[in-house]
Amino acid sequence: MMLQTGSEAGTAPAVPRFLDAGEAALVVEFGDTVDPALNDRVLALDAALRDNPPAGAQEFVPTYRSLMIHYDPLQIDRDVLVATVRDVLATSAAWAAKPTNWIIPCCYDPALGEDIDEAAHLLDITRDELVAQHVAATFRVYMYGFVPGYIYLGGLPKPLAISRRLSPRPPHPAGAVLIGGGLCGVSTFAMPTGWYVIGRTPERLYAAERADAFMVQAGDIMHFEAIDTTTFTALERRSASGEIIARKMSA
Amino acid sequence: MSASHALRILSVGPGTTLQDAGRHGYLRYGVTAAGPMDPLAHATANLAVGNAPGATAIEVSLGGVELTAEARPLTVAVAGGDFAITLDGRPLPSAVLLILEPGAVLKIRAGQSGSWCYLAIAGHLAVPQVLGSNATHTRTGFGGVDGRALAAGDVLRVEPSHLSAPSFGVIAAPWLDRPLGVIRVVLGPQDDYFSDDQITAFLAGPWILSNKADRMAYFLEGPQLTHIRGYNIVSDGIAMGAVQVPGNGQPIVLMADRQSTGGYPKIATVIGPDLGRLAQARPGTTFRFAAISIADAVEARRNEAAVLARGPVVEPLVRTQFSSEFLLGLNLIDGVVSSTEQAIASYP
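Chains A and B are the protein sequences, given in the same order.
When the letters of the first sequence are read in order and numbered with the numbering used here, they come out as residues 1 to 251.
When the letters of the second sequence are read in order and numbered with the numbering used here, they come out as residues 1 to 348.
These aren't lab readings, by the way, just hints derived from the structure by calculation.
Where hints are given, some of them may not hold.
[As the list claims (entries may be wrong)] Listed below are several chain A residues computed to face chain B (Cβ distance under 8 Å; list not exhaustive): (1) Glu23; (2) Pro62; (3) Arg65; (4) Pro73; (5) Tyr150.
Heads up, the beta-carbon is just placed ideally off N, CA and C, and yes, glycines get one too.
Let the hints inform the model, and build the full structure from the sequences given.
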């Protein structure tokens with residue numbers, strides 16, 4: 001599937017659907033596309049509920065287009081939870097999060113971005129053009145998912161939209177910057193993937209020993225900055241010692 | 001803490017891990033809860049040794065485990081599937097509380113039925129936490145012992161607790177004796193990706209648990225389900241027990257180690273109280289799903305909570321089941337054992 005970004009912004013219903021994922025999880029679904037406006041509404045509800053969580057609500061999981069609320073049904077009745085969420089929705093726009101604007105170093109050398117030439121070939125552009133478009137793009141962190149710390153980024157320029165592989169490639173190293181399915185991703189764990197590894201960041205988006213083990217929040221903005229392999233090695237050493245090497249930009 | 005209290009793993013099959021009640025609060029960052037496959041059995045074993053129900057215990061897979069106490073005795077309980085348990089070669093009931101003396105060898109092997117059992121140790125297993133939990137998630141290397149399954153030679157430090165319960169006995173927990181039967185589900189959240197006929201086919205089954213079953217997912221074989229709106233959705237959250245239907249129409253039930261989000265439609269979700277029963281079923285077993293309301297699912301949850309609130313009863317072993325030599329070997333110093341019981345004994 002190639003995700004369409006931003007094409008159906010006007011079709012999202014004003015009122016979300018409430019769907020049950022069993023007796024202990026409620027899905028508040030705002031739509032079924034990948035769209036920044038839709039994701040804004042998800043994140044505003046998430047922020048409002050985290051600010052003032054209903055008794056019995058345990059975890060909130062924002063995704064592209066829905067918020068999953070895990071709850072203890074012995075502490076809060078499903079219909080009471082739905083009514084509470086409806087009330088919060090009436091005012092949740094006020095909670096619109098203030099995103100952090102990150103500049104993340106990324107080495108696109110084929111030694112670290114091992115699929116970059118294959119991806120450029122499939123996209124019918126040169127490696128340099130691919131890098132130029134990737135560093136020029138403004139990405140949005142839509143959600144975490146799949147494995148700890150894996151972020152899904154929207155905002156990939158259309159000329160870089162590439163289908164997933166027919167079958168997954170072997171595991172890539174941690175820190176891989178990937179494109180696939182019209183999106184970009186940054187991984188924190190080595191894992192097999194159907195996407196293409198175009199670079200690697202020395203930043204650790206997840207570091208257990210840091211106070212904020214997860215550095216980035218859904219809704220944050222991200223730019224990539226090209227670095228060479230020498231710089232990568234130097235930054236990786238600093239990152240390994242616990243330092244955050246990505247820079248924050250004023251939004 | 002006394003560093004001399006420890007449990008040594010002598011041998012172990014694949015897939016035996018440390019699990020507490022799960023790693024909660026980080027799903028929004030893609031972190032799976034993990035935790036026990038059969039939470040009711042996990043809690044039962046913990047309660048039998050006087051621990052909190054969600055304390056860290058050893059989840060034993062069908063591969064089994066063989067372990068011993070180092071230097072100091074430990075009070076342990078085993079509960080879960082009907083596993084074959086021996087202490088120094090002598091068979092014990094499959095749900096049992098005992099004092100493991102240093103050098104005595106406790107063996108837990110796959111028995112008549114069930115896929116998981118739990119060994120709880122009175123006190124606290126001193127292993128480093130990851131994001132506030134000891135739950136092992138081997139795919140990401142989180143929790144437990146270095147994020148991996150237990151291995152021969154592992155030594156688990158224990159901060160012991162003092163126990164007032166009987167030191168040796170059968171754990172009476174009738175709620176753990178449960179054949180697979182009907183698995184109850186709440187339909188949704190993407191049941192609208194299926195026609196009424198397909199929902200009917202899903203509920204009619206019958207479904208067979210395939211050989212593909214691990215802590216992440218149980219794969220089912222049965223009638224081929226078809227989608228009315230394709231089989232890709234824009235990824236959303238996944239609850240434990242979600243029944244995903246991928247393109248091949250054969251459902252997958254997502255278990256404790258599932259990923260936090262996913263892109264296949266979920267036709268239904270197994271209710272919490274039936275998850276452990278499904279987890280205990282072995283490959284090849286046939287079963288059906290039944291759709292129930294949220295209210296009925298909550299009622300089932302309330303009943304389960306009431307069972308745990310009462311807790312398991314530990315009954316002293318019926319003396320005639322065991323030889324005096326065996327019982328004396330367990331440091332049971334109370335009671336009188338008749339010499340005729342020696343003849344009844346049939347232990348190796």
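Going through the hints against the structure:
For glutamate 23 of chain A, the interface hint holds, the least distance from its beta-carbon to any beta-carbon of chain B being 4 Å, beneath 8 Å. Checking proline 62 of chain A against chain B: minimum C-beta separation of about 6 Å stays under 8 Å; hint holds. Annotation: arginine 65 of chain A was flagged as interfacial toward chain B, and the flag holds, the nearest CB pair being 6 Å apart, inside 8 Å. Nearest Cβ of chain B to the Cβ of proline 73 of chain A: about 5 Å, under the 8 Å cut. The hint holds.
For tyrosine 150 of chain A, the interface hint holds, since its Cβ comes within 8 Å of a Cβ in chain B; the closest pair sits about 5 Å apart.
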